[in-house]
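Colleague: Produce the complete structure using the sequences and hints provided.
There are 4 protein chains.
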Amino acid sequence: MIDMTNGLNSFLFSTPEMTRIFAAQQQLRAMIRFEWALTCALEKQELAASGSGSAVEPLRDAAFIDFDELEREAKNAGNIVIPLIRQLTAAVRTRNERSARAIHLGATSQDVLDTALVLQMRDAMKLMDDSIGRLDTALAKLAHTHRDTLITGRTWLQPGPPTTLGLKIAGTLSALRRNRDRIRAAAERALVLQFGGAVGTLASLGTAGTLVSAELARILDLREPDLPWHTQRDNLAEVVAVLATLTGSLAKFAHDVALLMQAEVGEASEGVADNRGGSSTMPHKRNPVACAAVLASHARMPGLAATMLNSMPQEHERGLGLWQTEWESVPEAFRLASAALAYSIDIAENLDVDAARMQANFDNLLGLTMSESISTALSSKIGRAAAHDLLRIACARAAEERRHLREVLVELPEVTAHLNRELIEQLMHPGAYLGSSRLFIARVVGEPDAQS
Amino acid sequence: MIDMTNGLNSFLFSTPEMTRIFAAQQQLRAMIRFEWALTCALEKQELAASGSGSAVEPLRDAAFIDFDELEREAKNAGNIVIPLIRQLTAAVRTRNERSARAIHLGATSQDVLDTALVLQMRDAMKLMDDSIGRLDTALAKLAHTHRDTLITGRTWLQPGPPTTLGLKIAGTLSALRRNRDRIRAAAERALVLQFGGAVGTLASLGTAGTLVSAELARILDLREPDLPWHTQRDNLAEVVAVLATLTGSLAKFAHDVALLMQAEVGEASEGVADNRGGSSTMPHKRNPVACAAVLASHARMPGLAATMLNSMPQEHERGLGLWQTEWESVPEAFRLASAALAYSIDIAENLDVDAARMQANFDNLLGLTMSESISTALSSKIGRAAAHDLLRIACARAAEERRHLREVLVELPEVTAHLNRELIEQLMHPGAYLGSSRLFIARVVGEPDAQS
Amino acid sequence: MIDMTNGLNSFLFSTPEMTRIFAAQQQLRAMIRFEWALTCALEKQELAASGSGSAVEPLRDAAFIDFDELEREAKNAGNIVIPLIRQLTAAVRTRNERSARAIHLGATSQDVLDTALVLQMRDAMKLMDDSIGRLDTALAKLAHTHRDTLITGRTWLQPGPPTTLGLKIAGTLSALRRNRDRIRAAAERALVLQFGGAVGTLASLGTAGTLVSAELARILDLREPDLPWHTQRDNLAEVVAVLATLTGSLAKFAHDVALLMQAEVGEASEGVADNRGGSSTMPHKRNPVACAAVLASHARMPGLAATMLNSMPQEHERGLGLWQTEWESVPEAFRLASAALAYSIDIAENLDVDAARMQANFDNLLGLTMSESISTALSSKIGRAAAHDLLRIACARAAEERRHLREVLVELPEVTAHLNRELIEQLMHPGAYLGSSRLFIARVVGEPDAQS
Amino acid sequence: MIDMTNGLNSFLFSTPEMTRIFAAQQQLRAMIRFEWALTCALEKQELAASGSGSAVEPLRDAAFIDFDELEREAKNAGNIVIPLIRQLTAAVRTRNERSARAIHLGATSQDVLDTALVLQMRDAMKLMDDSIGRLDTALAKLAHTHRDTLITGRTWLQPGPPTTLGLKIAGTLSALRRNRDRIRAAAERALVLQFGGAVGTLASLGTAGTLVSAELARILDLREPDLPWHTQRDNLAEVVAVLATLTGSLAKFAHDVALLMQAEVGEASEGVADNRGGSSTMPHKRNPVACAAVLASHARMPGLAATMLNSMPQEHERGLGLWQTEWESVPEAFRLASAALAYSIDIAENLDVDAARMQANFDNLLGLTMSESISTALSSKIGRAAAHDLLRIACARAAEERRHLREVLVELPEVTAHLNRELIEQLMHPGAYLGSSRLFIARVVGEPDAQS
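Residue numbers (this note's numbering), protein chains in the order written: chain C, 113 to 564; chain Y, 113 to 564; chain R, 113 to 564; chain E, 113 to 564.
You can trust all of the hints, since none of them are fake.
Identical chains share a label here; the pair holds if one copy fits it or two copies do between them.
In silico SDA-like cross-links for lysine to any residue, where the CA-CA straight-line distance does not exceed 20 Å: (1) K253 with D338; (2) K187 with T117; (3) K187 with Q199; (4) K493 with R207; (5) K156 with E327; (6) K187 with P128; (7) K156 with G495; (8) K493 with G318; (9) K493 with A320; (10) K187 with G383.
These are computed hints drawn from the structure, not numbers from a lab.
Modeller: Okay, here's the thing in structure tokens:
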């Protein structure tokens, strides 16, 4: 749905699935889920009346919530948890007076908000992992298919020796896997229960604190941390940082595709959907809208990562302001990362590759980009430095006179003393100058033969 | 309303008025308003059929929009303007076929989106300016009222010589006025028409381009820029930066109040509303929720300002990704700034000052913080350096022995050679050691006598 | 000189002049200059012995400083000012015992550090303003010279209707002037004296505080602020933000040049210096090193701007940590901005424009980018929407069949019913489709005739 | 040494050891070390003359470098590697003409710069790990020693139920260990060879590419990556992010200490060194300079982390500008992190704890912060919600009348119906209300008995 608060273009910056996970409704349900599990755990320790858990259970859908009242009271209190607990307690009381007594016992607002966030993040991480898997498949296929597709290597946006499209893609795939590892490691650390009570001692539960905590974690299927982490926010900062690192790798991929899609380059482009990438005034346009969405999503992540890092020095047992800073930052990071992933999948699965144009563009460069090949061949005869200088001069002359480098070289006695025309011709063959590219690709996607 | 996308706590990070300005509905209306004004301007140049403007006028409420279709097509096209123009054109056509012909003529999507943003920002700037005025009044009153209210000066969070609450507040007021000037200067630059057509030449209007542009600007009551600014985004980056500078000054104010509100300090606190600042588990709590909201709002602004600055190098005639980066960043900056202002007004208008506690806390410091006064008096006799060293030793002794500095000093012959007990007593009177504070306050809020 | 601390590549990120302004030696001199001026001001108020100013004056070159001792003591004290004052006082004492007594009287460390920074910033701002002037001249000349140099307009990195190189440059020039205005306004606010003593009251000067302050400001030729700004850091945050906005505009310019310099585009390139832009392994390479330096310098500015904004909420009368955060951030921002400016001047003054290639690239696009021209001409006959759809289909066919759009159009009865081949030919002439570009350029650089 | 470029206060923002690692001299040596190892690897593959490695070996101290010339040529070329290779080749040639021929063969500038950075980072990581170990020891000792040291729990900067200093410290220690794990994981990924030649294919080495690469990695004792990572910069972005996460946790620790050190709180303070933390004008001052240095160091890290993340989308086979952005950002991050660690160690090893004041401050709160204890006891009788409301009213009355909560409670029949004075007294004993704090500490630092 078009997001009525964030403006008409918000659809670009999330996926419907991720938006749903962090929507108010799901947050509310996660909070009530925490309270339900807590009640069950208290009941087990005989700190709540028997049957209390069952009394809360049917309320987990949050249907009983009066949103208008919730909002009005939250605004007044500066805290959403207090009115929520009030409504929940009232709803339980109508079912079972005794069960209502222990609602929220032992917990503090931050326990509820943080654990709810963890539960939401767990769902979000699952979505991310699935999408990463799908992108992995698409990239591996591309890298394998194009393991011999020659393309101009470009450094500083200037042409260099040839490489292959497969090697370019393999680089992105290798980064994707490191990012997956980072995200999993961050999830492993971050997906833990928050339960410490007012100041992290669980004092209101007396000696039963860790027993309740362990049971609560078990019910929610979350790991228990060493100790409550109310003001130790490194895990959350890490989560946003690794999402931003992921989108950074995706943005590198999208940036390259957008550059290849320039009309003057024309070597690859986003797959076409009906009418996609059109312009309101230019009938001929086909804009790289998926690339733009990836780049735009990533461009907002470093600011979020910095905000989370800046928000770490939270005071004593509960932060003043910096905790609140996280509340919209973490969901936004997940939304943007999900969008970047979805658009990257779209690009990778539908990439339109023009291998002939890749070859033609390379051939169009007068052999200049094969200069290193000649220079290397000369190195063993006259030394690398002298060979490099010689080729630099030859290239300048070829460029100035718009002649093929080959033609210039065969006129230079310093060259022909060591290399004949045939050898020069051979050294200028780009397909023979791809070095270890196939091996590198195979290290990432496996042996070519195993796949083809 | 609770924002269903951004989570339950979003009410903390905006005001209802500002949320409304940047909501999808208002954005849509601003876009249609642009198209209406353009049609009128075209009509004046006889580039649209007579009566075209009148045909569009009643559609400005956006009631005709089919939101579901708009969203579906926008997602497909990666662009909200194309389906909007389609729906608008269709709606006009049902009224007048000829009028429908010139809809959007001469314009490009970015003209619509940018000018709509400018129109929204104009409303937002007005809100900001009003709020700043209100905060100015409240701070001026506080500074004047407390021009003689003694408070411990604190540097590096350690106590120093006395200052006045009035001087602290005057500092914030002085910064507020500079921020108002910055915001107005930014508005003066940024609130300009965007109208350049496909690549900024207005070519599709032939020789009538600047005539249409001038009329369009006149109708929308916007200044015309030198030339279209499709990829010159300095004005927008400036807008977010000045909002962030404003919130920075407000956060300094809120930070100080929160520190004064610590139980162990207890010199000032947020005014109390019923139940505000409560805790879900600690019945005694009164949290500085307004301070927290200001601090949290500010903490998210530097990331937004950085994102906008990073998004400046947009390619050629229209950016790829970086333009899209702005779309949610600018509204968010306004929302956060409006929240920071609203909460600051709340704090300033209702600040609960405990002047007796301020005096008592100062008196509790054993006279140590008056050491500079004694040191200065001794300087003219024995030199500043020697006096400073002498007092440093005396202070250390007083602190160690928990005696009042006065008592230590009168035992030191190096001191009593120059200052007698009476003079020492006099030099330790904090009310006589406020220097130019009253004069400084008067420079900001006017002469005391003129106000009292 | 190669910066021994910052690494071998630091020469890329500053100019020698700017590096010198913020080097330790100059900072030290600025600090001593403050102390000298303060002594003179105290002398005038008879708070320092007659002749004290003259005793300090010859020490302004900082030659007397024992750097090793200064560093050792600073590390111990966590403060550079205390040992500096000690050494200065000792140096004055050897000349005149009585003059040494009043050194630093009335001031606090932050007064010295902040005012020294202001004095350094004044020199830096002068450098910036001169460089901006020089860049303005170079850009104005380019814009004027190329007011009719046709170039493909590019949106989303895809080709659009034609524009002119002059109009592109005029956009950058227009932004440069706004940035100059911003920087001057920031300088006007920021270049003010800092003098408040321990807690901003000037209490140790008794009733003479503002008299000494006014005289001190007069001697240093600085404006006096309303009141000391020890923890009101909006002005410094603004300085870094406006420098970052400037570099953002320069990065947009450099980004465009780097894109035009791609071999496949080849429309403009950095002027060549001997061996510049070479590669250690590719003899043919000519890298856009100046563009890279501008982009790299800008890319570090948003982080600095964010750091300054984050550092604003400094506690009470002197910040704990956040003040210190500024110390290396402000100089770094000036160094990077000076580098971005210097490299931009280099690019603008030596830009190598290949107008023939610009024309050829445009002609190479099969007339597709003139589709808007045809579409507009048809709009008045069949409506904008129908014309747009018609052209979209024609463009798709032309692209698919690799034929010129003109050839496709003359086969379409819906087109030829309204436009004959001659008119189509005429509408496809890019030179006739530049709209108001000349007028826009003239608004920025003045009338063509006045300059040519 | 005082850093002549970065200003007088730079000593605060690094350690001498870390500064040395990233100084120009060490960078140069690391680069030459790469070239030496490459020559050895080439020799093994018979791509360099026998004895070439030995010819380069003695040059690894970089003593032969002519710095002035290096700088002059680097400025001209925009590249430090080209002139370095020239000087190195010349130096080798004077020893052995044939050995000079293969210098740099197969490599590109980025191979040298990146691998040199990796070698520097390896040394830096070692320093970090050692420091983290030392801090771990100090914190573990503190946590254990103060496992029963009662301190007011503080949330939103307002007092809450009691906790222990040991639990606060254990939280920091737990985060430190997660940060150590993150840093090690980042090092594991990032400390890999860079060797790909011009465009990442190692083409100039023909079929020997991966053999040379493997041997090069072996000599440098670095892991080989899957494939060259010239424009896949996720590992470097991660390094800076994890350093920033570490400093965030340290800043949380320093922030708390600084707040405890406030005169009005006075519960803990930095250990005193002679004259440390003094003021240039206030003789009595003892500033938290180590805390300030930690906070200031951290405050600059998020900007660096964001800059690195923003710099990830580097173009094709070598970035234009964004690669250069990293050059000063990575070393700066290590310098700042090393400073934050060193100052944190200083704080932790010398922390001056005033347990009596902690107790006194808690006792001073009229029992209000024990309200939760009473409320919880009442919950089982009258329900949590009713108990909470009752206590809220009692607390408000106690605060207003400045009486101990106990006195108010015994007057309330709703309370005394369930709790007698003795029980209330007992419930208000803070030492009995520490819940699971000891258990939590033990989970982090081991069983108390095992250590004491």
